[in-house]
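> Residue numbers (my numbering), protein chains in the order written: chain Y, 6 to 215; chain C, 16 to 347.
Bear in mind the hints are in silico, worked out from the structure with no lab data behind them. Watch out, some of these pointers could steer you wrong.
Derived pair list, reagent style SDA-like, types lysine to any residue, alpha-carbon separation capped at 20 Å [stated by the list, open to error]:
no., chain 1, residue 1, chain 2, residue 2
1, C, 66, C, 232
2, Y, 88, C, 25
3, C, 197, C, 108
4, C, 81, Y, 56
5, C, 340, C, 241
6, C, 66, Y, 79
7, C, 197, C, 164
8, C, 66, Y, 88
9, Y, 88, C, 197
10, C, 81, C, 36
11, C, 81, Y, 76
12, Y, 88, Y, 65
Covered stretches of chain Y, as calculated for chain C (at least 3 residues, CB under 8 Å) [unchecked claim]:
no., region
13, 74 to 80
14, 104 to 114
15, 195 to 207
Chain Y is nowhere near these chain C residues, computed Cβ spacing over 10 Å in every case [what the hints assert, rightly or not]:
no., residue
16, 26
17, 62
18, 87
19, 164
20, 219
We treat Cβ as the ideally placed atom computed from N, Cα and C, and that holds for glycine.
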Amino acid sequence: MADIEITEAIDPGVSRRNFIKGVIAAGAAVGSANYMFRGVGALFAQPTSPGAVERLITLTVNGQQRRVDVMKQETLAMTLRYKLGLTGTKLGCDRSECGACTVLLDGVPHYSCSILTQSVRGREVKTIEGLAAEDGTLHPVQQAVVDEQGFQCAFCMSGFVMSTVGFLEGNPNPTRAELAHGLSGNLCRCADYDKILTTMERAAENMRQA
Amino acid sequence: MAVIRDMMPVFELFQPASVEDATALLREHGEQAWVMAGGLDSFDWFKDRVKRPAVVVDLGGIEALKGIESTADGLEIRAMTPLTDVVRHPEVREHYGLLSKAAELVASPQIRNQGTLGGNNSQDTRCWYYRDGWTCYRAGGNICYADTPTSMNREHAIFGADRCVAVNPSDTAPALIALDAKMVVQTADGERVVNAEDYFIGPGIDIMRMTVLQPGDLLTSIRIPSTWAGAKFYFEKVRDRQVWDFPLVNVASAIRVSGGTIEDARVAVNGVAPYPMRLTAVEDAIRGASQDEATAERAGEMAVRGARPLRQNAYKIPLMRNLVKRSIRVEA
Ligand SMILES: Cc1cc2nc3c(=O)[nH]c(=O)nc-3n(C[C@H](O)[C@H](O)[C@H](O)COP(=O)(O)OP(=O)(O)OC[C@H]3O[C@@H](n4cnc5c(N)ncnc54)[C@H](O)[C@@H]3O)c2cc1C
Ligand code: SF4
Numbered sequence: 006m007a008d009i010e011i012t013e014a015i016d017p018g019v020s021r022r023n024f025i026k027g028v029i030a031a032g033a034a035v036g037s038a039n040y041m042f043r044g045v046g047a048l049f050a051q052p053t054s055p056g057a058v059e060r061l062i063t064l065t066v067n068g069q070q071r072r073v074d075v076m077k078q079e080t081l082a083m084t085l086r087y088k089l090g091l092t093g094t095k096l097g098c099d100r101s102e103c104g105a106c107t108v109l110l111d112g113v114p115h116y117s118c119s120i121l122t123q124s125v126r127g128r129e130v131k132t133i134e135g136l137a138a139e140d141g142t143l144h145p146v147q148q149a150v151v152d153e154q155g156f157q158c159a160f161c162m163s164g165f166v167m168s169t170v171g172f173l174e175g176n177p178n179p180t181r182a183e184l185a186h187g188l189s190g191n192l193c194r195c196a197d198y199d200k201i202l203t204t205m206e207r208a209a210e211n212m213r214q215a
Numbered sequence: 016m017a018v019i020r021d022m023m024p025v026f027e028l029f030q031p032a033s034v035e036d037a038t039a040l041l042r043e044h045g046e047q048a049w050v051m052a053g054g055l056d057s058f059d060w061f062k063d064r065v066k067r068p069a070v071v072v073d074l075g076g077i078e079a080l081k082g083i084e085s086t087a088d089g090l091e092i093r094a095m096t097p098l099t100d101v102v103r104h105p106e107v108r109e110h111y112g113l114l115s116k117a118a119e120l121v122a123s124p125q126i127r128n129q130g131t132l133g134g135n136n137s138q139d140t141r142c143w144y145y146r147d148g149w150t151c152y153r154a155g156g157n158i159c160y161a162d163t164p165t166s167m168n169r170e171h172a173i174f175g176a177d178r179c180v181a182v183n184p185s186d187t188a189p190a191l192i193a194l195d196a197k198m199v200v201q202t203a204d205g206e207r208v209v210n211a212e213d214y215f216i217g218p219g220i221d222i223m224r225m226t227v228l229q230p231g232d233l234l235t236s237i238r239i240p241s242t243w244a245g246a247k248f249y250f251e252k253v254r255d256r257q258v259w260d261f262p263l264v265n266v267a268s269a270i271r272v273s274g275g276t277i278e279d280a281r282v283a284v285n286g287v288a289p290y291p292m293r294l295t296a297v298e299d300a301i302r303g304a305s306q307d308e309a310t311a312e313r314a315g316e317m318a319v320r321g322a323r324p325l326r327q328n329a330y331k332i333p334l335m336r337n338l339v340k341r342s343i344r345v346e347a
C-alpha cells in the first residue's frame, strides 16, 4: 500500500532527489491513516532536543487561557474550529488565498489556515467571537456590519471584520482607497466590495466615536 | 491545486530559540529536514503532499533572526523580518525605497505580515506542473511538462532555460540585486556572504534548487550597502490581479544621474528566467549616456535580446522591453 512505500521513502539514507521522487510516485493515493502511522519510530523527538515541542499546550484566545492538545502539523484554523469550538473563523481556500480565516495575532491580521498552532504559543489570538463586550455589546466594526447590512452570504464576513479591526488599529482615519488596500487580502465571492467598503468606512467612524 | 484535505501529514516539529540550535538540528536530520520561515510557501507543499519532510525546523522562535538595524555601511535586515516590517521601516522607506516598494507589492497584507524577507528570496518556483507533484526535471524526473507543444506556459521563462523553464517568482529579489545587497549564509563551515545576484542559481547549476543554499544552510541576514542609498529608484510589477498574484514580469532599477547623464545604474528583472536577472549589458550601455528617451529605448531593446519565448509567453518580450525602458527613463 501507498502508506508503506512512503514510510520507506523517508529512510535517512535516501538522497533528497530520490526522496522527492518516491513521494511524488506515491502521490495523491495517500489516505488519512497515513498521517497517523507514517514515520513512527525514527521520528520521535528526544525529550532533550532543543526546540522540541509538546502536544499539550496553553493558548491565549480571546483573553482566555485554553489548554489544548495539538498535533505538530495542526494549523490554527483547525484548532480554533475543531478543538476550541470557535467556528466563527471560516475556512475558505486553506491556501492563504481568500482571507476567510483571518484572525488577529497580537493585533495583526494573519491567515489562520497558514500558521501552525504551535507557532502562536505566547501570542494573543483574537477571533470574531472575542470582539463583542462581555455584556453582548457589539464591537464598533460588528455594529457597522449590522447598520449597513454589509454582506450578502457573509461567509467572508468574519475575515473581513478581523482584517478591518487590525487595519484600523494602525490607521484609524483611512481614505476609501487606503481601506481597500488594507482589506485587499480578503475575497468576497459575492463580489460585494463596494458595500463592504462602505460598511467598513462606517466601522472606522464608529471606532473613532467609541 | 488548492484542494482542502483533512490535515497536513505528520512531521516532527522543532522550534529552536537560537541559530546554533537550528543548525545543529538541521545537521542532525540532514536531508529529512525542512527549514521553515513564515511557512507560506512551505505549507502549500505539505498540504498538497508533494513535499513531505519528516522534520520541520521552524525559525520563528529565533529572535536573533528578526529586526532591521543600521550599520556603519547601510542596513542589516535579518532574514526572519516580516515583509510588512520591511515596508514600514522608516530608514528603508527613506533611503532604500526600492525595497519597500517591491515588498509592498508582494501577495496580500496578511501574507506580508507573516512572510519573511529571507523566505521571499528563498521560495520555490510557482510552476504548477511541479507544484502539483508531476515528476518533472525539477522534481527529480526526466521531462519538463511546461515545455511541450501543448503545455500551459504563459507564466514561464523567456531566458535562462536549461531543461526547466520555470521562473523565480520573488518581487523583492530584483530590488535586492539592484541595491547590491549581500546575503549572509550560515553554512556548516561558517558564515558566507554572497552577492544577491549570485544567491540565485539556474537549473544549469542545480535543477532542484533555486538558491545557493545547501541542505543545512541558513540565510541569516541581508545587508544593504549604502552605495545606492537615495539613488533614483524605479520598481514596477505587472500581474493579472492586483492582489495575491505573482509577477508576470517585474523590474527594479537604481540610477545615479548627474547633469542629465547616467553616472551609474543597476537594473534587474524577475519573472522571466529561473533566477532574477541582473541586466549588466544594459547597465554598461547606459552608463555615461544621457538620460533620455533614446537611451531608454535602446536599453529596452538590449534587455530582450536573445529572449526565447515558449508557446504562450511571447507577450513577455514587449512587456519586459517596456518595463526596462520605463525603469531607465525614470524622472531625474
Ligand atoms: C497566495 C500567495 C501569493 C503570493 N504572492 C507573492 C507575490 O506576489 N510576490 C512574491 O514575491 N511572493 C509572493 N508569495 C510568496 C510569499 O510572499 C512568501 O514570501 C513566500 O511564501 C515565502 O516566505 P515565508 O517566510 O513564508 O517562507 P517559507 O514558506 O517558510 O519558506 C520558503 C522556502 O525558503 C526556505 N527558507 C526560508 N527562510 C529561510 C532561511 N532563513 N534560511 C534558509 N532557508 C529558508 C524554506 O526552506 C522554504 O523552502 C505568495 C505566497 C502565497 C501563498
Ligand atoms: S518548468 Fe521546471 S518546474 Fe515546471 S515542469 Fe518544467 S522542469 Fe518542472
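> Does each hint hold? Answer for all of them.
Against the structure, the hints:
1. C/66 x C/232: Judged against 20 Å, a Cα distance of about 19 Å means the pair holds.
2. Y/88 x C/25: Holds, at roughly 18 Å.
3. C/197 x C/108: holds (19 Å)
4. C/81 x Y/56: Between residue 81 of chain C and residue 56 of chain Y the Cα gap is close to 18 Å, so the pair holds against 20 Å.
5. C/340 x C/241: Violated, at roughly 25 Å.
6. C/66 x Y/79: holds (17 Å)
7. C/197 x C/164: Violated, at roughly 40 Å.
8. C/66 x Y/88: violated (27 Å)
9. Y/88 x C/197: violated (44 Å)
10. C/81 x C/36: holds (16 Å)
11. C/81 x Y/76: violated (26 Å)
12. Y/88 x Y/65: Measuring from Cα to Cα gives roughly 14 Å; hence the hint holds.
13. 74 to 80: It holds, with 5 qualifying residues against the three required.
14. 104 to 114: holds (count 4)
15. 195 to 207: The restraint on the region 195 to 207 of chain Y is violated, since only 0 of its residues have a Cβ under 8 Å from chain C and three are required.
16. 26: violated (6 Å)
17. 62: For residue 62 of chain C, whose nearest Cβ neighbour in chain Y is about 7 Å away, the distance does not exceed 10 Å, so it is violated.
18. 87: holds (32 Å)
19. 164: holds (24 Å)
20. 219: Residue 219 of chain C clear of chain Y: closest Cβ-Cβ about 17 Å, beyond 10 Å.
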